[in-house]
Amino acid sequence: MDLPTLTEVRLPASRADLALSATVVPLGGGTWLYSEPQDHLTGLVDLTALGWTPWERREDGGLSVAATCTIADLTRIPPTAGWRALPLFRQSAESLLQSFKIWSSATVGGNIATALAAGALIGLGGALDAELVVWTVDGGERRQRVADAVLAQRTTTLVPGEVIRSIEFAPGPLAARTAFRRIALSPLGRAGTVLTARRDEDGAFVLCVTGGTTRPEVVRFPDLPAADELAAAIGVIPTWFTDAHGAADWREAVSRLLGEEIRQELA
Amino acid sequence: MRFEVDGEPVEADPFPGQCLRTLLRATGRTAVKKGCDAGDCGACGVLLDGEPVHSCVVPAHRAAGRAVTTAAGLGSPEHLAPVQQRFVDAAGFQCGFCTAGMVVTASTEEVRHADEADLPRLFKGNLCRCTGYRSIRDALAGRGTTEERGAAGGVGRAVRAPAAERIVTGREPYTLDLATTGLAHLAVLKSPHPSARIRRIDTAAALAMDGVLAILTHEDAPAVLFSTGRHQNRLEDPDDTLVLDPVIRFAGQRVAAVVAETVGIAEAACRAIAIDYELLPAVFDPEEARSPGAPLVHGDKDALASRISEPQRNVVAQKHGETGDVEAALEAADVVVSGTWRTARVAHAALETHATRGWLDADGRLVLRTSTQVPYLVQAEVCRLFGLEPDRVRVVAARVGGGFGGKQELLTEDLVTLAVLRTGRPVQYEFTREDEFTIAPLRHPKRVAVTLGATVDGVLTAMDVDVLADTGSYGNHGPGVLFHGSHESIAVYRAPNRRVHAESVYTNNPPSGAFRGYGLGQVMFGLESAMDELARRLGISPFELRRRNAIAPGDPIVVTDPDEETDLQYGGYGLPEALELTEAALAEPGEPEPDGPDWRLGSGMALGMIATMPPRGHFSEVRLALEPDGGLALDVGTAEFGNGTTTVHAQIVAELLAVAPERVRIRQSDTDGARYDTGAFGSAGTVVAGKAVHLAALALRDRVLAAAGPGAELGPDGVRTAAGLRPLGDFAPLGTTGTADGTPRGLAFNVHGFRVAVHTGTGEVRILKSVQGVDAGTVLNPEQLRGQVEGGTAQAIGSALHEEVVVVDGHVLTRTLRNYHIPQMADVPDTEVRFASTYDDLGPFGAKSMSEAPYNPVAPALANAIRDAIGVRPHELPMTRDRVWRLLHG
Chain A
1 MDLPTLTEVR LPASRADLAL SATVVPLGGG TWLYSEPQDH LTGLVDLTAL GWTPWERRED
61 GGLSVAATCT IADLTRIPPT AGWRALPLFR QSAESLLQSF KIWSSATVGG NIATALAAGA
121 LIGLGGALDA ELVVWTVDGG ERRQRVADAV LAQRTTTLVP GEVIRSIEFA PGPLAARTAF
181 RRIALSPLGR AGTVLTARRD EDGAFVLCVT GGTTRPEVVR FPDLPAADEL AAAIGVIPTW
241 FTDAHGAADW REAVSRLLGE EIRQELA
Chain B
1001 MRFEVDGEPV EADPFPGQCL RTLLRATGRT AVKKGCDAGD CGACGVLLDG EPVHSCVVPA
1061 HRAAGRAVTT AAGLGSPEHL APVQQRFVDA AGFQCGFCTA GMVVTASTEE VRHADEADLP
1121 RLFKGNLCRC TGYRSIRDAL AGRGTTEERG AAGGVGRAVR APAAERIVTG REPYTLDLAT
1181 TGLAHLAVLK SPHPSARIRR IDTAAALAMD GVLAILTHED APAVLFSTGR HQNRLEDPDD
1241 TLVLDPVIRF AGQRVAAVVA ETVGIAEAAC RAIAIDYELL PAVFDPEEAR SPGAPLVHGD
1301 KDALASRISE PQRNVVAQKH GETGDVEAAL EAADVVVSGT WRTARVAHAA LETHATRGWL
1361 DADGRLVLRT STQVPYLVQA EVCRLFGLEP DRVRVVAARV GGGFGGKQEL LTEDLVTLAV
1421 LRTGRPVQYE FTREDEFTIA PLRHPKRVAV TLGATVDGVL TAMDVDVLAD TGSYGNHGPG
1481 VLFHGSHESI AVYRAPNRRV HAESVYTNNP PSGAFRGYGL GQVMFGLESA MDELARRLGI
1541 SPFELRRRNA IAPGDPIVVT DPDEETDLQY GGYGLPEALE LTEAALAEPG EPEPDGPDWR
1601 LGSGMALGMI ATMPPRGHFS EVRLALEPDG GLALDVGTAE FGNGTTTVHA QIVAELLAVA
1661 PERVRIRQSD TDGARYDTGA FGSAGTVVAG KAVHLAALAL RDRVLAAAGP GAELGPDGVR
1721 TAAGLRPLGD FAPLGTTGTA DGTPRGLAFN VHGFRVAVHT GTGEVRILKS VQGVDAGTVL
1781 NPEQLRGQVE GGTAQAIGSA LHEEVVVVDG HVLTRTLRNY HIPQMADVPD TEVRFASTYD
1841 DLGPFGAKSM SEAPYNPVAP ALANAIRDAI GVRPHELPMT RDRVWRLLHG
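Chains A and B, in that order, are what the protein sequence lines are. Every letter in the first sequence is one number past the one before it in our numbering, and letter 190, counting from 1, is 190. Every letter in the second sequence is one number past the one before it in our numbering, and letter 164, counting from 1, is 1164.
Next up, chain B with everything else stripped away, as it sits in the complex:
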């Protein structure tokens, strides 16, 4: 058939059942993204004869004779369409994966002539997981919030992301946005059973199918245990996983992989494989799982070799400690409050699904192009699994379409490696949206029991915290999330008597993993709710209760061991200011209160403390080179997934070399590029990689000034020397490196406040005011940082009010975005972001990290506001309307 795309004629022969999205991508139109492949998210949006459609649910044959317009057809980076320019001006994106679709919707008559109040309705079919939508609404309304390009320097300014113009025109290449000749595809046969042993696999019928290249089973995979969770120190995660395992521990686990000429053939071959399963008993409740007699999920493992705390009790990690005498202190307390809180499984729902494309390069070296936050850690573990030398494996991440911790995992790279090594062909393995809910790790659900004792003056005397985490069937991030989760959340208060019991437990549920906040948010939901109850019982303001009990410089930063060795320091201490900013803003008017006798009003707050870097080392070594044209080439290993670190790195170099940020050319997340980076997690992109960039840029500046002679100065017009003004490029070539090791670490604080109205008849929670006081140190890019806080808040509103991956007997029921509600534009109020005026002694230019932190205090702040409104305290997330209604009527 013939049709037209972006003004060019296209001749194509779609296969029966093909959708327009894959047909467009097959012809190289990669502005069209796959977010959900189901018509829910809008990332594949195009105009079909001028009408906006989701191309993933348009039968390809219907494009015959018609004209398709993608974001790339609306404008180019050099000649942006006005609507694209507005997204650039307002920084209306973070990872940018949804943006091409957003821009297409924004280009329609309906939107261009719409009232701003009608935008949530018009954009209910365009989901953004990163921004929280405020910047998108600014873009749609034409409110610019960034600076024009070209000015020298950068720190402290609202500099635009280097990729902005490419993102809004669909030109920025993500993981799979490249052409590969002879590409084969991999599909996985998944277990329907949550606990089983594979007795026999019969692949004969599948192997005989036309187009099938290879079938991989546990007999083909390396017998090397590893963990999908990746850390700098690989010993932090238990070695409990095989690439393909004959023992099935969750419904959805890999049974076999088929490599074939097309995805359709690979899937058909999966259906043709016959499996003989021996069904085994399963356990789904974490309390049952650690009780005597429970089926053992990893009972076959050696505790020491696999680093599993107690495999015979299903406990992957535990932490128990007490300082002082908690029982006696509770006995003596004037006031005691206690309760048990529960959080749900949450999906990251990054718009770009996990995917890897792998091939052998001209030298026969394995190249993995993958959607990962940790390319160097993936390289190391792939080498370990397959016995390859590091120089035989290159791992590269293009711009990543959202991560939130979900891509600190090795989920697709291992099978692609196996398939490429077996077939010699380029092979792609792309998760479906359903895979993201059923086989990608989810946020750990936790049960958090808290008892607090205090004096009548509101001085905490005792804290007793008991945490039970469900790590699911594999222990990736199980220990880390448990330990980190019960660290800063508890250490922030100064009670002399403290006790913590925390265990993370295997079940036959889908695996849990790393998620923004890394366990802190779950514990804070319990602890900050209990603090709120305490304030209520004492009759003092919740802000005041925090002031009286939060740690301050001079206090040790410990959980239960007073002699704990720590590299944590106070740096710039911004908690008092963050409390003050939030309290003041919360007192100001917000959205009007709804009319009617059924509405109840309330307000609430919560705080969060977080270390500015992950513990036990996070390393970055970058290379910076001055080039003859005056440009600066920066090789940095960390990944960009909407966190904005690329912008910040350019700003840091620009500031120190007195050039415009546009003169900095950044190559990132490629093991062939920078020397090393642990990866983009633990909010390390600014404070670790950025610190290394800072040091490299300082060294380069020193080299230039040394070469320019005494008294020389750098300026926007070049280098002023005794001999006159010389262009910066005159001093090329010059190269430096910078390193950072992630220690010592500082502390950052976030205080969130809400005012809400709750409808007693329906349980609706309406947010009238949302404000966050943020202790971020020096704000390197105010617009980007505001976006991180807003985006973290929006994601947390999702977990607080809407999101739950429902799992019944090990089977996930919510497998699509239409059945798993992530925030739409209509769900997210404006959040007022107020920055404390702190300066961190450790970060570049005094900056702290601020990617995970904004997420953490939101759920308890909202729960506390709901409690204030309705007189009943929520103990369970998400606080959906039906649950809030039941609190009132149950």
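Pulled out of the complex, with its shape left as it was, chain A reads as follows:
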């Protein structure tokens, strides 16, 4: 929709041009910003004008994904030796409420920064312990795990003026086996709960719950947990919530069910 309170949409040439504030904010794909009234905003700075390379293989074998990498580009990363976790990228993209028509616009950084409970790429980053590289207001950089950067619905640790530059995937988690489960109140509806998980080569088991919790919840075990151990870990998650996409008690119950499916799959 139109955002008539804006007085500027800027196309920056470099980091020096960003000049962000509480009311002048970064624009990624725009698929969320343009989907709701933003009457509190006066300007957007279009990060896609910076021309960041969508994704790069790092020297250490990891993967660096630019914040402006589109979902479409993310799903087109070709199968690569050592990146066994890639199917989870596609599964997470399919978890977006919106169809493939949004993929060529929506960005990875935008999805994370928007911090919706059902943010599909928050679950991806959470399960793979991905780190955000954040450009700070003072011109420096900071790093933070995706799961730690998202605090609650629509709330992150990002302060006005900060910009997500990239999402960094380390080689270890990228080499892990992964599993994915999702359920909604309808076959392809907005997520009720999403479980993303990995099993490292050393046996470690990491599971991230999103969608049903107000923030990404990560549970870790040094090796495959027993069924009751995993259920107990899911059971102590404190942030289940109720909205039009599911009641908190149902979200918790089906998360246990799907968690057990994942546990068996990654055994």
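Fair warning: there could be bad hints in the mix.
Listed next, the stretches of chain A that the computed footprint assigns to chain B, with coverage defined by at least 3 CB atoms under 8 Å from CB atoms of chain B [as the list claims (entries may be wrong)]: (1) 92–100; (2) 120–132; (3) 142–152.
From the derived model, a few chain B residues whose C-beta atoms are all more than 12 Å from chain A [what the hints assert, rightly or not]: (4) Leu1242; (5) Asp1325; (6) Pro1782.
The set of hints was computed from the structure by calculation and includes no laboratory data. Since the structure is predicted, the reported quantities are computational estimates derived from the model, not experimental observations. In this text, a Cβ means the ideal position worked out from N, Cα and C, and glycines have one as well.
Position chain B relative to chain A; hints supplied.
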């Protein structure tokens, strides 16, 4: 910036924050629709350098230097793209408002090379509220279901909609799809409080803003009470509403309206208006609302003058009656079942939002082009409100992008009138999608308590029904929905002892209004669930229980008053056949049963009876003219909003004049056109307007034959006369009229059956088989009628399994389509539609109406199937997965 649209270069200067959708429409590319304006529905879909996007969430500046393709660029009505031709062939649309976007998605490589099983995923971003998607899937798969154009006659054939080629190419103009010079825009300041009095409004800062043309408050509006709900007889709805009222009764109610050069300025000016509210107590629960001491929502009204049943008890309408002795009969019954059922607030979610564009024509006459089902009723009430003569107001509806009862209301036309009269400028007021959830009326939520008594042989001896409806803050359609809702739903059974208590109650919730089925579905959810329980307790089949107790010719058609005067007749009686068709189809295999120990299987059914026309008169007067080229010009007042009546009207004329339906040129829903039509509601388009068309066409045929002399006959090649073959056009000009008054009325029956699998761990309900037996009388257009049944079923599956407008303390929480789930392609199974072979004595060519009826029995049939599967009976809609799971684990 420069870019290209459909191969043409475009120079444009988007404002900061503009999205591509509005930029395209501003350059005249009206194939691009606004459905949600939020990236959810797909009606604005275009290709951007070949990639499909939702243009409403694409920043306009990003189109610079790029190529945009809309549905209009894929093909033209004369030269359809293959994908467009397939939508025409399969009748893959009803109102057509989503279709241009559907076609764009369908044109992509991803879809063209997709397996059919993958279509639900690819189309999860394209919502259709009308069809139920089967016809769209047929279109995508290239399965044609309609006949080629050009053959003479039409009744009984799968004739294509006259607008088909225009719809699939984005050429069909809807309400706002026209250019208007100097157009101003109206935005409304809405109350954040559900109950308040406006002490003071300070508009000075807003008025001083550049581009603001006028600010309208309650001091500017007529002090004439009316109702937004429109009926033939305006006395059916209470006069409880003002165009602008200093008393606020729901959160979202109009406080002031700003007219400005742009929507953005009007909205900014709304934010600059300072309001001093005195907050008042509010009531949100309908039971509390009718209890002593509750705040009075319309306590200031005079009961008689406003036609409110008991304003001092918040009761807008009530009906109480008993025949026989229900208490004694329940005492004596072999089996008694009872329960209380609840239905949710549901939004119509028509893809085209409410909107009006108004202006003064060259003669200074007010013209309102509006998305309405009832143009003549809008004209009458606007004249009454503003003291205008009917010849000074023209109301016209273009093709309407979906209605479902939601446009049997006067919601935008009054403010536009006020604004045009004040400013002299053309003014537009367009609802946002959020407005559709927060200020447009919603389906009445009802609490329905039912107690049934029966003999051990399954003969009903007593029915006790208690209905409490929440009409919200205004009583539009409150009485009608209450009375109609507890009529055919109860009258369908033959118990000698019957009691009904029904009340519709004001609260400070958003207003309720007319919705497909007009109250019947809510009561049927309770009653048909109770009937199912009774069958279970008696150990007889639910089909058999209906056979033993449903009324049949000879039985009176009454609720509780045996002496009730009624114009209802049996006409063609199709219930036994509809029961038989559904029972037989339900026994046949459906989708395979899912594997695994957690799935439970069940089946269920329910029936619905409905009068074929609205009560107390529904009028239509049409004009038909034979023109020298052999074409037939038909002026008909009813509106087309996907109901397909335009097609049927062309078929009726074509049949009687022995021409191809394409020779019939229809002008509709324009108060300057036909003489009159009450409007497109109560499923009246075929049986009332169609009846008038039928009579006009019969008269015209008689005139032609009389002029042609003894022994003349009409044929596809012309008129065979004693002097040889003469072209039909030779007999022009000839004109006739036809009228229908909507009485007497017949009855139609629908029986729905489901087989389901329910997952005990997640509460998922999977529909393995869906079938509806339909007593529609003569089927005038089998493909269209099948589409109406499928679409009604899909909408009902939405209300049964998914949809609820969540309101907490008067505030709507579900304000977007992403938070209010209407059925996607993935949600809707195929429904097998089986027609009974009845002939109605009243309708044209023996047809009955069939637009609302298919919706009604679906929710209870599904609830009964779920009960059969899991052993616990649902009592509340929607039966979402979390609720079904809780039935199992709670």
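To see whether the hints hold, each was checked on the structure:
Look at the segment 92–100 of chain A against chain B: 5 of its residues bring a Cβ nearer than 8 Å to a Cβ of that chain, three or more, so the hint holds. Residue count for the segment 120–132 of chain A with a Cβ under 8 Å from a Cβ of chain B: 0. That is fewer than the three needed, and the coverage hint is violated. With 0 residues carrying a beta carbon less than 8 Å from a beta carbon of chain B, the segment 142–152 of chain A misses the three-residue requirement, and the given coverage is violated. Its beta-carbon lying about 27 Å from the closest one in chain A, Leu1242(B) satisfies the requirement of being farther than 12 Å from that chain.
Taking the minimum C-beta to C-beta distance to chain A, about 44 Å, the non-interface status of Asp1325(B) holds against the 12 Å cut. Taking the minimum C-beta to C-beta distance to chain A, about 30 Å, the non-interface status of Pro1782(B) holds against the 12 Å cut.
Of the numbered hints listed earlier, those contradicted by the structure are 2, 3.
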